[in-house]
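Peer 1: For this one, chain A is given, so just place chain B on it according to the hints.
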Amino acid sequence: MKLFRLFLTHSWRYYRRHRILAALNIVGIALGITVFISIQIVNQSALNAFKASVDLVAGRANLSVEAEGTRFDESVYPLLKKSKSILEATPVVEEFCLLPDFPGQYLHILGVDPFSARALNVYELREQDQGAGLSFFSDPESIAVTEELADRLKLKINDKIKIQTGKGIATLRIAALIKFREDAVGSSPELAVMDIANVQDRFSLQGKLNRIDCLVEPAWLNDPANLQSLKEELGQGLPGNARLTEPGRRGARVDKMVEAFQLNLTALSLIALVVGMFLIYNTMSATVVRRRAEIGLLRSIGLQAREVQALFLGEALLFGMLGIVLGSVLGILLAQFLVGAVAQTLTSLYMLVRVNELTVSPSTVALAAFAGLGAVLAAAWFPSLEATKVKPVEALSLGHLILKSIHSTKKWTIYALGLLVLACLLGYLSLSLGWKWLSFGSALSALLGMAFFVPDLSKTISQIKMSKPLTLVLALRNFGNSLHRNSVTAAALVTAVSMVLGISIMIHSFRITVDSWIGRTIQADLYIAPASNLLIGMGERIPQEVVEKVKRLSQGSEFNAYREIRVQLGDQPVKLSSADVQMVRKHHRFRIIAGSDEGIEMPSDPQKVMVSEAFARQHTKQVGDHFKLATPDGEKTIIVAAVYEDFTTDRGLIFMDSKIYQALWRDTEANSLALYFTSEIDSLSLQQNLSRELASSGQYLVYSNKKIRDEAMRIFDQTFAVTHLLRFISLLVAGIGIFLSISILTSERQREIAVLRAIGGSRSQVVKIILWESALLGSVSAILGTIGGFVLAVILTYVINVSFFGWTIEWATPWLTVLLTPLFVVLTALLSAFYPAWKAAHKEIANAVREE
Amino acid sequence: MIEITDLTKKYISGGGKVILALDAVSLHVEQGSFVAIMGPSGCGKSTLLHCLGGLDQADSGQIFVDKQNLTDLSEEKLTLYRRDRIGFVFQFFNLLPTLTVWENIILPVTLGGKLDATVETYATHLLRETGLEERRHHLPHQLSGGEMQRAALARALVKKPALVLGDEPTGNLDSVTSERLVYLLKSLCYKEGTTLVVVTHSHELASHADRIIRMRDGKIEA
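Sequences listed follow chains A and B, in order. No gaps in the numbering here: position 6 of the first sequence is 6 in our numbering, and each next residue is one more. No gaps in the numbering here: position 10 of the second sequence is 10 in our numbering, and each next residue is one more.
Only chain A is shown next, with the shape it has when bound in the complex:
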């Protein structure tokens, strides 16, 4: 209680007098928390949005029968209904479609059986005429949309709405609105309901189902043998690639799919917090120095050393808590800004995500609070420990100038080298043992290692012998004499610059590699794909009749149909892609890293496939290794014939010849088409003709080679959009650190500056001295930050990337960025120091020389 009262009367009042100092400390922490919490909110919201839609769609069903990546025959349904284990069962067909009258909008259509679905739904259909009964399902043009969507698009019952199907544009009537029951979990405004037969007809899915949702006794699910016996009971009727799963588990699979992407975003977001820690350390240690006399006084009247430490830690915690509150609010705002970009990236790379509301869970805020308070306490620990070492006698004697500086800088260089060695070791262990987390440890060690070089480099620079100009000479001396202050500030800036540059180099290298890969692999003259791909990701198919139409129109061009489905390998989703291998060999230049693609177009046992580098890494498969895939006719043994370069997905890709795929999966559909013109073709008129025939109603996109390359790079650039913001915020925090540091230094030296002014130093000379010192600070940071950037880029490219994604990225240096970054750093340092320098030069001399 005594300590708390002392805190209120002493610490609180001190910071009330030094509001700017306090405010900047709080802002520094807040920025770090803002970035961290916004990323957590965005990640969690995206996952929850997907899980919510899954939950809504599944309703009360606790068992789901689905085939991996494909649809299956509806003849399975009556077999399932007959089973005694199944209490309720309902067939489901799902499709996605665009709304031509509402750009950017899509519908997630559930085709349901009105009778069997009723027991499992978590929604009701509200028709205008409630007495109309089942007229909704009997009318082939009926569709039900959610109340939320209707409000948003200003639609009401009986309004017409156009949807795009594979057959063209269909006009439907909104016959009912979907109202979710109270026990419904989640939100999915894009959900729409139609009769199952209508969906099958409109989307050319006659006789096919996506899945069958079932209700079983909850206890039945606890015994895995029950699932197996159900499978045996269904026997031949169930396709070989059918899976009996609990709908709730789908969320866990999605977690796994996006884990690497979200983890890397989280790691990036922590960098701003690390930079903020340097800021806290610096200001806390400066505060201890400035309040030495107060500490001496408190100790002399009986305050114990540990109580002094508690006082300073309490101040740091107060900053931390205020920073967390501010950061949480700002984080929510930032999340709203970021969520669109992240959701779009997830849709492009993984699965459809539409986030309608942010999830701000108590656990997210708690995690951010824990991280923030932990960072603050860690940063404030050593300064508070220094406070306990203040000797009352020394602190209270007037005119006792403490010349505290780092005299021994060599030990920091030794620590730095040690940390770099540790970084190498952790990187090696991460790659060789597969412990991905160690790769982050490697990056952190490298960042800290570079920061620890600061004292020695600063001391070396401060000892440069110069005689002119005088202001630079004085700045060099001051710089060397204030290593205890400048080193920490420079370390923060080194960390921020290393991160900025390291990520820039990695992204640049990645971009060059992907661009080169695209140049080699995207060789078709035209690509045709469903327009919905832009909004909801790759998933829509091109009906067979459209494929045939394209063939007819293509005037003898060579032709390749691409198909992509998602399959399970163990508990991990993997993409399986197929195309005509001979056509691929003829027109594309895939880079085969290991093995050979010879013979993969021939049926064989085990069946030969190519796998992407990411697949090989993540599933630890090499050429000659086997694995099993579930097909409609049962499990098929696959053998890795070759590993090839591919950047389509970080989850890994299996590539199979299309004839083999069609035979195994009995699926002739295509997701996209590639056309290769012959020399006789008038390419422009063909493109125009196809565009007219296919794209006039907007349901298909006809892309030229250049356009598809541009689109691919656009998706690539979008993936890294969030990192630009994170880098900027880290630099901002470092800039605040410089401002604070120079302010503190000028405050500590105000007597010295006053003497200089008294003996004839002009204001402009004082400003120049301080700006020179800040430029030296910036220069040290720029030099080490640039080196650190290259070091970090190596770890990002060759350790973290390989550990998490398995890609081979060819190094490319963005020289313009490398040259401009140091200039930018020095400029930031100068700008940050300008106000403190001006203020110091304009302080009243008489007051300053009076102060002891």
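Some hints could be false.
[Claimed, not checked] Here are the in silico distance ranges between beta carbons for each label pair:
1) B:D217 with A:I301: 32 to 42 Å
2) B:D59 with A:L385: 29 to 39 Å
3) A:P469 with B:D59: 32 to 42 Å
4) B:E75 with A:L831: 17 to 27 Å
[Unchecked claim] From the derived model, a few chain A residues whose C-beta atoms are all more than 12 Å from chain B:
5) Y14
6) P78
7) I86
8) L377
9) R585
10) D625
11) I753
12) P822
13) Y835
14) A848
None of these hints come from the bench; they were simulated from the model. Note that the coordinates shown come from a computational prediction; the quantities given were computed from them, not determined experimentally. Here a beta-carbon is modelled for each residue, glycine too, at the ideal position from N, C-alpha and C.
Peer 2: For chain B alone, kept in the frame of chain A given last:
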């Protein structure tokens, strides 16, 4: 040499009260003389010194130093005035901690870009006179209190100022060292004909002055 007429300076205290640091002070000091200003704490003696040295500006009245009206000078001109015409010796923190003794001594002329062989010769002479030849390349934290004050004295004199101002120059020294410093101060100023004005609580120091001025409550006592 120094002519002060009705000089007044006010401060607003933390509680908002107006404090009259100088209350219509008038003073005349002859060229080359040694004047000691004494008085209790808060009597305005340091304020008077600061106004004389161009470190502070009065609210009203006039100060002439060598026929130069300080009250008319801009901030820039005051800086040049301090640089060329005034030498200061403070009680504490006289020297810049990052410069050697030699560098501290020549600092005023270096600030003005006027360091040449003549000045260096004179600075070396001052180094010798103050007994600091052996300490030429030492940093201030390596010096004793007396050595630091002797270096400050040398710095104050290196530009051959018209006026040297001392604010409790012996306040931090023992009696023997004080005595030596006062002797040095007086002899070096006399040699160059430099006017010396010192604020002090020390009767021993004041006893060496040609004239003692006593102040109380912002006024000069008759």
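Peer 1: If a hint holds in the structure, say so; if it doesn't, say that too.
Peer 2: Taking the hints in turn, this is what the structure says about them:
no., hint, result
1, B:D217 with A:I301: 32 to 42 Å, "34 Å, holds"
2, B:D59 with A:L385: 29 to 39 Å, "49 Å, violated"
3, A:P469 with B:D59: 32 to 42 Å, "37 Å, holds"
4, B:E75 with A:L831: 17 to 27 Å, "25 Å, holds"
5, Y14, "16 Å, holds"
6, P78, "92 Å, holds"
7, I86, "84 Å, holds"
8, L377, "34 Å, holds"
9, R585, "72 Å, holds"
10, D625, "67 Å, holds"
11, I753, "10 Å, violated"
12, P822, "26 Å, holds"
13, Y835, "19 Å, holds"
14, A848, "9 Å, violated"
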